[in-house]
Every structure is written in C-alpha cells, then in structure tokens.
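A.B. asks: Listed here are the chains, written in short residue letters.
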Amino acid sequence: MKILVAVDQNPYSAHAVGEVAKLAANTWANVTLLGVRPKKAFKADRAGGLPMRWGADDTLLKALRDYRELFLTNFTEEDCPYIQREFGYELIEVRKGVWEELYVSKSAKKDLRTRMRLGNPVKGILAESQEEESDLIVLGCNNLKGCGWEDGTIVPQKVVNEALCSVLVVKEEKKVNRIVCCLDHDKVSQQSLEMINQLVTLYQGELEIVGLTEGEELKVEVEKKMDAILRYYTARQIKPLIEVVQVSALDSFISQEAQWGLMALWMGKKSILEKVFPKGKVNKLVKGSESSVLILR
Amino acid sequence: MVKALVSLNADLASSIALRYACQLANMISMDLQTIHVEEADHEGHPPGTGWVRRTWEKGLLETAQEEISQLINAERASCPGLTSPKMFVGERETEVLRELEEEPYDLFVEGVLYSFSSSNFYKKIRSKLYRQAPCPIILVKNLVSLKRVVLLLEDGTDLGLRVTTFSKIFEGADVEVDLFHLKFQAAGRLSFRKREEATSISRQEDSDDVLKAAKEMLLASGQTPRGSRMVHDTPVKIADSLRDYGLVVSYISHSMGKKSPLLELLSRVPSAILLCWQ
Chain A
226 MKILVAVDQN
236 PYSAHAVGEV
246 AKLAANTWAN
256 VTLLGVRPKK
266 AFKADRAGGL
276 PMRWGADDTL
286 LKALRDYREL
296 FLTNFTEEDC
306 PYIQREFGYE
316 LIEVRKGVWE
326 ELYVSKSAKK
336 DLRTRMRLGN
346 PVKGILAESQ
356 EEESDLIVLG
366 CNNLKGCGWE
376 DGTIVPQKVV
386 NEALCSVLVV
396 KEEKKVNRIV
406 CCLDHDKVSQ
416 QSLEMINQLV
426 TLYQGELEIV
436 GLTEGEELKV
446 EVEKKMDAIL
456 RYYTARQIKP
466 LIEVVQVSAL
476 DSFISQEAQW
486 GLMALWMGKK
496 SILEKVFPKG
506 KVNKLVKGSE
516 SSVLILR
Chain B
-1 MVKALVSLNA
9 DLASSIALRY
19 ACQLANMISM
29 DLQTIHVEEA
39 DHEGHPPGTG
49 WVRRTWEKGL
59 LETAQEEISQ
69 LINAERASCP
79 GLTSPKMFVG
89 ERETEVLREL
99 EEEPYDLFVE
109 GVLYSFSSSN
119 FYKKIRSKLY
129 RQAPCPIILV
139 KNLVSLKRVV
149 LLLEDGTDLG
159 LRVTTFSKIF
169 EGADVEVDLF
179 HLKFQAAGRL
189 SFRKREEATS
199 ISRQEDSDDV
209 LKAAKEMLLA
219 SGQTPRGSRM
229 VHDTPVKIAD
239 SLRDYGLVVS
249 YISHSMGKKS
259 PLLELLSRVP
269 SAILLCWQ
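Chains as they are written, first to last, in the working numbering: chain A, 226 to 522; chain B, -1 to 276.
Treat the hints with care, as some may be off.
[Claimed, not checked] Cβ-to-Cβ under 7 Å is the rule here; a few derived chain A residues that face chain B:
{"no.": "1", "residue": "Met451"}
{"no.": "2", "residue": "Glu468"}
{"no.": "3", "residue": "Gln471"}
{"no.": "4", "residue": "Ala474"}
Just so you know, the hints here were simulated from the structure itself, not pulled from any lab data. Beta carbons: idealized from backbone N, C-alpha and C, even for Gly.
Could you build the full structure based on these sequences and the hints that come with them?
C.D. replies: Here is the structure:
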C-alpha cells in the first residue's frame, strides 16, 4: 500500500502523521510525507533576498523533518522497515559452493520519503498522488477553522472531492471509538476492506457497515455484498454491526453517528452516494463533522 | 432441551439469524428446527386447484428449497444439529403460527436487519405472528457475541416472567447477566438541579427494591447476576449503551402504543432481543 500524507505546519498535521505511523506499523506501507509551499510565499522569501532554493532553515522543510522523526518514533530500531541499513561486508554464496565476502548495502524494506513541492497545495497533492499512484491520501485538520488549512484554504475538502484514490481526513480532536462505513453498491475492493480492517485494529473500535437504500429494502446485490463483507470480517474475528439507513434519513444518521469517530463512505461510479453527496455536501461533511472522514474509492 | 423454530428466507437477515441461533445452540442444549414459507404472492396468484395447483406449489418449493439449503449447508460445519427445513407454500405468518401452535416450541427465532428507521420493527411487533406467538421470540438484528445478556426491568411489570423465560433458555449456560432498571427521560427535557437531586434519590430507592427482587429470583433459578443498576436516560441513549450485549431481554405488552419509550428503545437496540409477552 502507498500512503501519501499531505502536511502543513499545524499540530493537526503532526497528529495525522502519528495516526499514519500507527497504521504503517501494521501494514508496512510505503509512505510519503509531502509539504507544498505556495509559490507566493516563495516569491516573498526571494524578495527578502533569499536564493531560489530550499534553505536549511525553511520552516516547512523543518516541519517535514520533524514529522519524519515523529513517524519513526512509532517503531523500534530493530523492527523498523523504513531505516536505511549500513554498508558492510557480507558473506554471500555467489555460485554453488563458492562464497564471497561482498561489500553490500542493506536498503530499507519500505520507503519513507519526505517531499516538497512548490505551487498550489491542492494541485500539488493531487499531482503527487497520481504520479506515485498512491492508494490513500491522508490529511489532518481541525474544526477550529472549519477544517481549513493555512490561510484558511479548504485543502482537505478539495482533495477529498478531486482525488482519484481514497482519502482520509483525520480530525485532531476526535478519538475514534466507532468506524461507520456506508455502502450502497456492490463494487467494493479487497484493498478497501483491508484498509477498514487495519483501521479497526488500529483504533480498537467497533465496526458498523451501513447499507443505504432508497426504498424500504436493500437492493439484492448490496445485501449479498454486505453478507460477504460480514463473513469477511467475522472470519477475522471482527464482528461488525449491520444497519440499514434510508437515503432520505442519511443527514440525520450522519449527524448522530459522527460523534463516535470515523465515517467512511464507499463511493462508486454508480453509487447513490455520488448523488446524495455532491461536492458541496462532501465539503460540509468534512468541514462540519466531528468525526474523521474516509472516502473510499 | 430447548426446542427452537428458526424462520428462514434467502436473505441477509435470515443468514444472520441462523448464525446467531447456531451460536446459541452451541451454548445451551437446544434443538433447532428451521422453517421456510414460500409466499405465493411473490410469484403471482396460485393457478387452479387440484394437481395443477399442487404441481405449481411443488415447483415453487423446489426452487426455494435450493436457496434455503445453501443457507443451511453454509452453517452446518459450525452447527451440526441443523436438519432439513420444513417448507410450506402460503402466507408466511399464518404458516409459522400454525407450526408454533402444533409443535411444542419453547422459542421462535427470526432475523430483521437493524434499521435507522423503526417502521419495520414496529410492523413486526404489531404483526399477527408476534401478537399470537405461543412462545418467547428472539429477534436477531445483528450477529453479536452472546457472552453478555441484559435483563431490562420496568416498574409495574411482571419480573417473574422475564426471569423464568431467561433462566429456562439459558439454564447452565456460561453467560454474564446484568440487570438494568429503566427510568426513561424524555429527550431534550430540562431538569432543575435541586428537584432532580430529590427525585434522583427516590428513584434510586425504588430501583433498589426492583433490582433486589429480580436478583433474588435469578439466584433462586440458579443464575448469578454480574451487575445491576438503575439507568435513567432517553430511550436512544439507553439503546446505545446496550450495544455490547449479545441479548437484551425485555417484556412487551399488547397495550404498548407507538410512543412507548420501551418500544422506541427496543427498536434502537442493535443487538438481538428476547421478547416476553406480558
């Protein structure tokens, strides 16, 4: 799994990095920590006489380095898959019955990259996720500025709307006790099921699978998929609760459930969630919800 | 031995109910009989009479039997006592009720998907089958672990009925039992602190008596309750606090209206509920 953690210099980003580190400890994901510096800020620095390059004392660069250290504190040195091993001699069988002591470098098993981009943060995050084929983008925010980032820009909301992969918006102030996953179609990827599985393990929370329906009853294919999901998790010693919610009651359901922790929406091409959650509503959900939000694609 | 009838359809609710019943059968001495009623209305009006009708019914049953057998076969490994289902064509409630009246069942089990809207639950509770069932009913909403059971107690209700029903089913089973004495609070209602403190003391005294009586009855029937307490909150909040229980045992009465806080609570409980008619 490839996780892209988009950060700014606020404490909620540190919180998001900490959450991803816990997730990565279970999944051994390849992780990229990305900071995007708006061009105008760079120009201002340049006007101040600084050269057009990242200075060692650049605040964003410094924050990224701190986040990398924070990420690594979640691992012991022996078990950390992200640490580059030292160079040294090692006896290796080069042909049958012939050994040679070679000077080798043991590379890290998994990647932990720290990257900087220049430009619009939303475009930078989306470009990075597409170029690197990320499976999940993680961003932090809090409700103090309506989930806005520096300068009040609504980066998390825009990334949630535009990204082609899954996006997790981690709310700094909320402890996750329950993971509520809403489903209205039968195209659920194995990877998204595993991602939920990891989150349940990470937060030690309850899992609730919600089937959305426009009428009184679930569509047959959705019901069959929910049965398969129930069996999948039960086999992994997780006992999810199943709940049926009518689309017309979705708003009140979300406002009631959001207090518990993490709201996940499985968005599909034919999903009614795409209809009931147009961009504006997703913005509202990310902005207003007390809970962290995971959009699964 | 407890003799239970489990109603099955080829759907998720039945699959959950069957797995829950199997879990129960592995805990207590229980004989599980499954039943499926193929409703003729699903396939249009029955044609003719005599052999024409019988042939048509046979065709319907064969298709249904295949689906129900798949459901049962999937659970057979964990539930070896499962036998072939009883299959009927007709009106579901009437046929199930007839079966419950003809055979000495101690328990009826069926599934309904837990819903944010309570309408399906209310429909079930008001149905002829539920109102006339000669035995207690377990309504399974989710596949939850049956390690913990809670008995809900309310003032002015027959405690003995719930305790006897529970003790009969769970005789010798390794379950933790809690007793909750319910005092409902209207949603959004404000209470003044002084008055609230005074009523809280008298409420607690009432509860102590009810809980003590229920505890004694349970002990007399060989069950030791793990904990007991008075719960004073809105139906929705109490229901949410019952999420960890594998079974919620409650009384239910024919006189309960739609606005009954106990019914609201039971509709919002995501676990299985054991209904004892009073």
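A.B. asks: With reference to the structure, classify each hint as holding or not holding.
C.D. replies: Hint check:
Here the hint on A/Met451 is kept, as its CB sits about 6 Å from the closest CB of chain B, short of 7 Å. For A/Glu468, the interface hint holds, since its Cβ comes within 7 Å of a Cβ in chain B; the closest pair sits about 5 Å apart. With its C-beta approaching chain B no nearer than about 6 Å, A/Gln471 sits inside the 7 Å limit, and its interface hint holds. Hint status for A/Ala474: holds, given a least beta-carbon distance of 5 Å to chain B, under 7 Å.
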